[in-house]
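Student: Here the structure of chain A is known, so what remains is to put chain B in place on it, guided by the hints.
Chains A and B supply the protein sequences, listed in that same order. One point on numbering: in this note's numbering, the residue at position 219 of the first sequence is 219, and numbering is uninterrupted. One point on numbering: in this note's numbering, the residue at position 44 of the second sequence is 44, and numbering is uninterrupted.
To be clear, the hints were calculated from the coordinates, so they are not data collected in a lab. Heads up, a few of these hints could be off.
What the hints assert, rightly or not - Between beta-carbon pairs, the in silico distance windows are: (1) A:V104 with B:T124: 41 to 51 Å; (2) A:A198 with B:T4: 48 to 58 Å; (3) A:T146 with B:E83: 49 to 59 Å; (4) B:G130 with A:Q286: 37 to 47 Å; (5) A:P276 with B:T87: 26 to 36 Å; (6) B:S35 with A:V104: 35 to 45 Å; (7) A:H298 with B:E83: 21 to 31 Å; (8) B:S35 with A:E122: 30 to 40 Å; (9) A:Q222 with B:G130: 44 to 54 Å; (10) B:L3 with A:Y13: 13 to 23 Å; (11) A:K185 with B:M125: 49 to 59 Å.
Cβ coordinates follow ideal geometry from the N, Cα and C atoms, glycine included.
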Amino acid sequence: MVTFGGYEMPVHYGSIINEVLAVRRGVGIFDVSHMGRLFFSGSSAQKDLDRLVTLNISTLSFGQVRYGFLCRDDGGILDDLTAFRLNEDQFLLVVNAATREKDVQHLVTYLSPQTHLHDQTEETFMIAVQGPDSLPLVDDLTHDATKPSRLRRFQGGLFSIAGVSVWVTRTGYTGEDGVEIVGPKEGAQCIWDQFLSAGAVPCGLGARDILRLEAGFCLYGQDLTEEITPLEADLMRFVDLAKDFIGKESLVRRMEQGPKIKRVGLRLSSRSAPRPHSPVTDGHNQIGFVTSGSFSPHLNSSIGMAYLQAEKSHTGQDVWVLIRDQPVAAQVVAMPFLPLPSRKSS
Amino acid sequence: MDLTFPENLFYTPTHEWGRQDGDILIVGITDFAQSELGDVTYLELPPVGKWVEAGQPFGVIESIKADADLYAPVSGTVVRINESLATSPEKVNLDPYGEGWIIAIRMDQPDQLRSLMTAQAYRTMLKEKGQL
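Only chain A is shown next, with the shape it has when bound in the complex:
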């Protein structure tokens, strides 16, 4: 067990590689209850949230989920999150564990008196069921006539699983098809046990980190920080510049100037894994640094994310990653690193 964002969590339940393979080939289950779950309600909730996050809240249909950011005035990323519209004036923001308290402090500053924020992280659980076989399994355990497999990607609804009323969204952090389930914490054990009995493989933080990296998803605190904006992170597609939000002016100005550094994917020629802060060179000078890295069981080589000087960040560029001061050849590649069902190449 390790402490992550203040929660005791398993890094793995046995072999990390076996857990990764289970999610890519079958179905894995993750306890992600450490993620922050912030419920917003009130007639002004939509307007308030639209000012706070980069994604468009007003055009979210009932049951729709979108990914986006909470930014500072200068565009720096305070957190990455998903927003889920539960109904006309109720929303669920899922934020990172380590940033939750900071997020809440920032959010309440901008909420009108009519908007209520309920941090329900402690009263609820969140379980992710991921993998090509996950939807049939979720359907089997759902007691409703309409099954979760009817949901489109990034859509959710209320269902009854193992007798517990839960929100199910067709989302995840692995690049595989699957769902994330939020419900009252009293129901967590029962739902977890039912999925295990049905054959889902329990997976820990270690597998989750490799799966998200293979899918090209960022980890806040490593690949995204307050010093990085969505422009450098190459994630402007999750920023709606047609509306006003905190940080927009700075982002527009930065776009006109062009980013100095850019987030890229690296594929290494070795099985040796780059680690955060490993320098990246063009063979002569340092041109950037690694933010995440791991051995990829699927590619049988190591992969990483890095920020490189923008002019040296194009796909196909040959670079070197310094691992224990020794240069290891790598190439800038498009993400995701694997062809994945839930992601098209970005």
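Tutor: This is chain B only, laid out in the frame that chain A set:
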């Protein structure tokens, strides 16, 4: 799963084992070390002919969750490395005392073996640290 520590080996406080064969010491990591590291993905090993010093790092072992230094149990010259680990590092997990051996050292001073631990002493050390 119970960890095993064969009786005929020498052990270091840094979780390497050594098997004596004349003036050669075959070196690997213990069952405890492999289970702590988890899936081994890569080893950085010295070239054959390199001299290594007792108690000093001679290489690095990477697992899916951590990197760790490998320490030489004795001083001497590397005479063989287990080349097969380059493509099958999982052998260190599957068979740590057999096919997962890492390097062979020709010992300068075989009496250095006397400063290493027996299986029983190694087991006791792990227990005292609360690791077994």
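Student: Now, for every hint given, state plainly whether the structure supports it.
Tutor: Each hint tested on the structure:
no. : hint                           : in the structure
1   : A:V104 with B:T124: 41 to 51 Å : holds (50 Å)
2   : A:A198 with B:T4: 48 to 58 Å   : violated (35 Å)
3   : A:T146 with B:E83: 49 to 59 Å  : holds (58 Å)
4   : B:G130 with A:Q286: 37 to 47 Å : holds (42 Å)
5   : A:P276 with B:T87: 26 to 36 Å  : holds (27 Å)
6   : B:S35 with A:V104: 35 to 45 Å  : holds (40 Å)
7   : A:H298 with B:E83: 21 to 31 Å  : holds (24 Å)
8   : B:S35 with A:E122: 30 to 40 Å  : holds (34 Å)
9   : A:Q222 with B:G130: 44 to 54 Å : violated (31 Å)
10  : B:L3 with A:Y13: 13 to 23 Å    : holds (18 Å)
11  : A:K185 with B:M125: 49 to 59 Å : violated (41 Å)
Of the hints listed earlier, those the structure fails to meet are numbers 2, 9, 11, in rising order.
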